[in-house]
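With the hints as extra help, turn the sequences into a complete structure.
Listed below are the residues making up each chain.
4 protein chains.
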Amino acid sequence: MMKAARLFLDWYPREGSQLGPREIKGKVAQEGSKFWRNPRVEIVQEPLPRIGPTEVLIKVRACGICGSDVLMAAFDGEGYTRYGYIMGNGVIIGHEFSGEIVEMGRRIDEYQRRIGKEVFKAGTPVTAQCVVNCGLCEKCKEGKFDECWLTEERGFSLDGAMAEYAVADFRHIYSLEDLSEKYSGEELFLAGALIEPLAGVYKALISIAGSLNPGDNAVVIGGGPIGLAGVALLKVIGAATVILFEPSPQRREIAKAVGADYAFDPGKVNLTEVILELTKGIGAKIYFEAAGVAASIGSDIDFLFKAGEAGSKLVLMGHGEENAMICTETLISGYNVVVGSHGHSGVWRNVIRMVATGLIDPRKMITQKITLEEVPEWLTILRSNKEEGKVIVVF
Amino acid sequence: MMKAARLFLDWYPREGSQLGPREIKGKVAQEGSKFWRNPRVEIVQEPLPRIGPTEVLIKVRACGICGSDVLMAAFDGEGYTRYGYIMGNGVIIGHEFSGEIVEMGRRIDEYQRRIGKEVFKAGTPVTAQCVVNCGLCEKCKEGKFDECWLTEERGFSLDGAMAEYAVADFRHIYSLEDLSEKYSGEELFLAGALIEPLAGVYKALISIAGSLNPGDNAVVIGGGPIGLAGVALLKVIGAATVILFEPSPQRREIAKAVGADYAFDPGKVNLTEVILELTKGIGAKIYFEAAGVAASIGSDIDFLFKAGEAGSKLVLMGHGEENAMICTETLISGYNVVVGSHGHSGVWRNVIRMVATGLIDPRKMITQKITLEEVPEWLTILRSNKEEGKVIVVF
Amino acid sequence: MMKAARLFLDWYPREGSQLGPREIKGKVAQEGSKFWRNPRVEIVQEPLPRIGPTEVLIKVRACGICGSDVLMAAFDGEGYTRYGYIMGNGVIIGHEFSGEIVEMGRRIDEYQRRIGKEVFKAGTPVTAQCVVNCGLCEKCKEGKFDECWLTEERGFSLDGAMAEYAVADFRHIYSLEDLSEKYSGEELFLAGALIEPLAGVYKALISIAGSLNPGDNAVVIGGGPIGLAGVALLKVIGAATVILFEPSPQRREIAKAVGADYAFDPGKVNLTEVILELTKGIGAKIYFEAAGVAASIGSDIDFLFKAGEAGSKLVLMGHGEENAMICTETLISGYNVVVGSHGHSGVWRNVIRMVATGLIDPRKMITQKITLEEVPEWLTILRSNKEEGKVIVVF
Amino acid sequence: MMKAARLFLDWYPREGSQLGPREIKGKVAQEGSKFWRNPRVEIVQEPLPRIGPTEVLIKVRACGICGSDVLMAAFDGEGYTRYGYIMGNGVIIGHEFSGEIVEMGRRIDEYQRRIGKEVFKAGTPVTAQCVVNCGLCEKCKEGKFDECWLTEERGFSLDGAMAEYAVADFRHIYSLEDLSEKYSGEELFLAGALIEPLAGVYKALISIAGSLNPGDNAVVIGGGPIGLAGVALLKVIGAATVILFEPSPQRREIAKAVGADYAFDPGKVNLTEVILELTKGIGAKIYFEAAGVAASIGSDIDFLFKAGEAGSKLVLMGHGEENAMICTETLISGYNVVVGSHGHSGVWRNVIRMVATGLIDPRKMITQKITLEEVPEWLTILRSNKEEGKVIVVF
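Protein chains in written order, with the working numbering: chain A, 1 to 395; chain B, 1 to 395; chain C, 1 to 395; chain D, 1 to 395.
Since the hints were derived computationally from the structure, they do not count as laboratory data. Model, not experiment: these values are computed from the prediction. Be careful, since some hints might not be right.
Intra- or inter-copy, both count: the list cannot distinguish identical chains.
As the list claims (entries may be wrong) - Straight-line Cα separation of at most 30 Å, DSBU-like style, residue types lysine-lysine; simulated pairs:
{"hint": "1", "residue 1": "K25", "residue 2": "K256"}
{"hint": "2", "residue 1": "K182", "residue 2": "K256"}
{"hint": "3", "residue 1": "K117", "residue 2": "K306"}
{"hint": "4", "residue 1": "K121", "residue 2": "K306"}
{"hint": "5", "residue 1": "K34", "residue 2": "K306"}
{"hint": "6", "residue 1": "K3", "residue 2": "K280"}
Below, the structure is given as structure tokens:
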């Protein structure tokens, strides 16, 4: 038997909502907040899951709480969940995790014999991506797994890892063996559980936005875990100056620990003035929006695009409730770019190497280690508490 | 003596407008529409210009009327020019031109002896870029001439080519000699005068937006000269399907002649439906906005970004009066990009080779050949007439 | 019952050859020419293959003979096959093919219901990639299927399509439905069978070498099917001038038909002189080596790199028997690049759209249509005949 | 009066050497080692140079000795200089320098008034690029200054900075003002003099080779100043593991100080084994050749390309006496790339920001500070001494 944190929901489509081909009444919705009400997370006792021939059973050792977890469990005035993407009913939440393999499907051994190396075995520390792509659609055929026509998401529409044991297909797991050179015991699993948010930020800044040139400046808006991961990554790829804006003093402290050259409370300084002064008038090459406030900082970005040097990029990762106004004229006159990203496929091994060699130590983002039983409470706390770095369940 | 079309203006700063370091009272303003009133274009008789040691004197043979020329000579209810960028008083307009060298500064010969080839001599057909970069600022040092701190613009703040003779510095001219393989006489100069708008579109779509992959689809909004140049370029770089939207039947006809697979009147079809149907649901990789209507088609683009495949780009080149709302959430979920461009430096030789080898024949865009005397009249006509392709002065 | 062309081999490892983990005595070798002797292709009668739950059975309608097929069936003085890559014994050859689906595995229907569209059904015209990647290794997890640790190849180590029926997994097939707008009947299948070689060339020139800028020049060495596909692709992406070198007059004629601006017999002209003259001294941006003669043209390329403009690329796709000497000093002084490619994953839908919309018509490369029974004879003929374009089996 | 180190040469063309259009008998040769004999460097006393209207006079404060300086002053058995690129007779050597502006040409003030900021004035610390491009040729028009048709080189064909005073045109100097935040006095000028070699390495690895992805591994061959700069840059852009090979223990120590994770004596270890072990079998993404030994390590690179993961790049910057054999088959099967670079235009401000913010501290490479009078002696010493990092003249 094992304990797990499951999310239960009530099916209550908003007026006018129509079921798409990939949605199943009472089971799964593509845009959660249009269908599900009364989210509640419960710690349940249940038998261990069974694995298929290409799957592994993982004893979970650490699992971070993501902003999406908080949003799924939060609700608006009418009781609808606040999370607007794929959500299934009764699913184990949790997708930022690490653990040890305890059992492997029979086809995996056979496969590893054929390739002549045993990458995975009982005891191997691993993490897994939450994008569970179908492998069969036209996008999967092109290797663009984050654009899969039929993506499921571990911890959203499929059982996740906020539980003592989790299951993942062989093609979605990554070995954390290399981390053992710098980390051991629980520390390895703490670092390993945070590969996932780093991978999302890596995909956004490196794969999608095309990085920056070493010696360029960078600005990060928002010092939650995604913003902090952005700070760490931008500094380690050669940004001359990384400037963070974040109201929480605790988060600003972490930002400095992971690489920010400057960290300001946006309520206490003039954002555009500070940036232009610290960058000596040229502005940043990358503005990384990780707070979901693009709508309210749009005119600042517009001003910076105009005042600074040409060819800047606004990289969007934070989900906001309002759309942002982009001044198209400023893009035209300054060759500026606005681009967004959300997935994480294809970059995991590079991120693991960055952590394994110590370039990035994601444990610095952790501010709370909690138990599985405390998860429901922390999901509530985090609705309003915007001071924490990463809150992580340790098993 | 020669004839020239000069633009005269009255200095009348709007309330609150402040002079920047690069503006000169009564002579030049960076944002024309904030300072200049009562624009009038007059055909004047005057002595030929003199050339400096690194300059050439060009006998102009053809000069196109650009949308900017029309805007400079147009005015709003208070009489202010409608053009919002750099404008000088009393300047000869015209920047899309070609002609023959009739005289060369003395340092050019010396220079050509040193390089051991005579690229330019009396009689050489040439065109010139209108970006007259300073060559000394930090951006010029980096070869990014379009981002020059002190750019002047031929035909805007410096004398242009809507005249029987024009002057250009050696470092801003390009030989049209290669065009003589496909074109002769006036035809060569007609094609040569239209290198400039092609160069702007090449810079936007290839250098700044990063092109598309052959076999991707493309959509062009607006069938004026810039949109038509976009159609021609996109087709010749391997777009599978190029779809144009443009109200004018004449322009739609030209679009088909230069490469559009389809051309629709946006008032008569549902833009998003047509695009999704013709692209079999995947949408376009590039949406090229060349009509200045980003504000009004924003929601269509948003819909297409969501319905089509991920990784699309909205490339902005058309100046609009309103800002466009970009749905940031759609950029995040689909890895989509919005980017703008306006310059043309660095791409001229490639564009000339494309015209010289017949890949693009810009003459197909010409709908009116006029005389210099007719310029003032056509500048008025073109304020409301949105049916023409390119109107070009032939000398 | 069906007819098929199977390749039989004798296991006879050369002295010193050691079996790797992925090789199986008497069954499959990674470097064929080190293990296999006495290749013979026989037309056999046998029962139709059975399909698994995610596979389709395809009635083959056309299948091209590739240079690799010729090499597998050819042998050196000691009787060893001339093909140096993966080869299995008793395998049906053929990997450039098209056909119609006649039966689908049961899981495919279920899958298509879930995605809400029926891309494939009985009667759908299809082709399939020959790279049969494992889907499980670290490279497959990154979407880099051509670098799969455990790749099998249809027609090399797995049964191919030189047979009346062939089997392919759902994740390796591509619909040719779009071709029906321009082609019908046999013509559709002829065009469809040649998607595979086009995909290899697309991968090399676009995905790996990074294309060229429109208006750049290109040179192709070798006018066999790969070189001809290179000519067609380079012209359609905006190369100003495409120059082919190929001894066979027939192939030169085809080259002109598919887009070459010039086609020369390299035995009759001075390659470097011709290129420098036709490109007016600047040389080509891409030199596409499709003849396997890099070793013998190395010094010409070196000369061209030096004489022409900087930043040129030598793109290697032709397998040669000797290594080429690259003058590293010329790369340093001219920022030149040498790069190679061989796979074809990830680009199929774009290539199909290019054929479907008529940008490229690969049927122009076909010089012989033959029957399955004639395959063994033509494999022998093609060892010495270097005059044909594509020889294709029609069913 | 000032002291300067001038290089005197005897004009003695090797048999068969022909003068090109840009060479002047007895004055300047494009390939020095084919024309010049008996190089001798002398410390001369002479009047201060005069500046033109767009030039500045710089009081030199530090000037590094580059490998090219050593080669120019070295000679082969027949007395010919060992340097094979542009060389003029009687020129002041030195091109890695920094100093303070002491006088400015009259047009600079006028220019700075127009842009509204005073970037340069008497006392401003500066460095200058050695590429003195013509500004007029077709490549300069495209902003590709390193490919200028008529490049002169400061310290090679024009007077350099191994002197108490040097002259540079306004468009070739860069302010070192930003360095004053981290460095002061002599330290600022030591750091500033080494911007030039860093810029060359930045151009090669970032601009030309296209960088690596953060988390990739990198190998550097050769721990002279160029190799050391490569180590520092690669580490600071996110290479997971940087491995250096260099025989000198002193240089290996410096390598570790500037960022190498490992530094080996290539005579004492098996290069390929070490690399594969430390990279866990995947090899490096970038192999940076900075020792001029591509010819002798060609087969190692070939082995590594084959054994490691696909898509690796060999980046060449070291000038060797022999050409290297590149196994084209390995490039084809592994999508590998060979590319070279030598210039440094366009990247200076980014490099200066990297030094100013402390990302790279080039002073760590300095092993000897000498006086101008010691230059001739050190040029001799450095022919055989391959132990030093950077030897730098302090004024």
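Hint check:
no., hint, result
1, K25 with K256, "neither (47 Å within a copy, 48 Å between copies)"
2, K182 with K256, "both (22 Å within a copy, 19 Å between copies)"
3, K117 with K306, "between (55 Å within a copy, 18 Å between copies)"
4, K121 with K306, "between (55 Å within a copy, 27 Å between copies)"
5, K34 with K306, "between (39 Å within a copy, 17 Å between copies)"
6, K3 with K280, "neither (55 Å within a copy, 37 Å between copies)"
The structure fails hints 1 and 6 (numbered hints given earlier, in ascending order).
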